[in-house]
Amino acid sequence: MKNIINKLFLINVLIISPTSWASDSVNLNFTGNIRVATCNISSGDNINVNLKDIPAANFEKANSASSWNIFYIDFKNCSTAINQIKLTFSGVSDAADPSSLYRNQGSAKNIAVQLENWTGTLKLGNQQSLIITLNGRTDINLGLRTRAFSPSGKGMPGTISAKVTANIVYL
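Residue numbers -22 to -1, 1 to 149, in mature numbering (1 follows the signal peptide of the UniProt record, and there is no 0), belong to the letters of the sequence shown in order.
Treat the hints as calculated values from the structure; they're not laboratory data.
Here the structure is a predicted model, which is why all the values come from computation and not from measurement.
Be a bit skeptical, because a hint or two may be false.
As the list claims (entries may be wrong) - Label-pair ranges, simulated between beta-carbon atoms:
1. 5 <-> 115: 42 to 48 Å
2. 105 <-> 137: 22 to 28 Å
3. 70 <-> 6: 49 to 55 Å
Glycine included, C-beta positions come from ideal geometry on N, C-alpha and C.
Using the sequences and the hints, build the whole thing.
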């Protein structure tokens, strides 16, 4: 009888999986960062452009405008993985020309704000884009120009205010 019990015990031991004899676990934690290739914008997140005091008489006729005000968005230390920077501009467009004018939200009447690239070859109204090719450069000074503009004339005194957002995508 003792032999039978020993044989049954031995058979049980051999049948039971070796993994059930001992159990340990190890937790593995992996960490890291995948960073997007970007540039530092040294001109900051908010750029205020002063259109200055402009005589109302400058806006008596249709399509009259103030002088251009040039300003810059400075991209510094751009990753060499970036080939292009795409800026898409958005804001409340002016009904007179949505592709190039932003509505004045100040108190001056019959006035809009116009935005272009600094050479004036590209109008940058609501949902218009500008693409800059870096060609290996890591620093870019993007020149833009803006002015007060009266599509209909008869501009009335008051304040000029327009908010435009540039959404930046690195390609």
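Quick rundown of the hints versus the structure:
1. At about 46 Å, the beta-carbon gap between residue 5 and residue 115 stays in the expected band of 42 to 48 Å.
2. For residue 105 paired with residue 137, a C-beta distance near 25 Å keeps the hint of 22 to 28 Å intact.
3. Under the hint 49 to 55 Å, the C-beta atoms of residue 70 and residue 6, about 52 Å apart, fit the expected range.
In terms of the numbered hints stated before, the structure departs from none.
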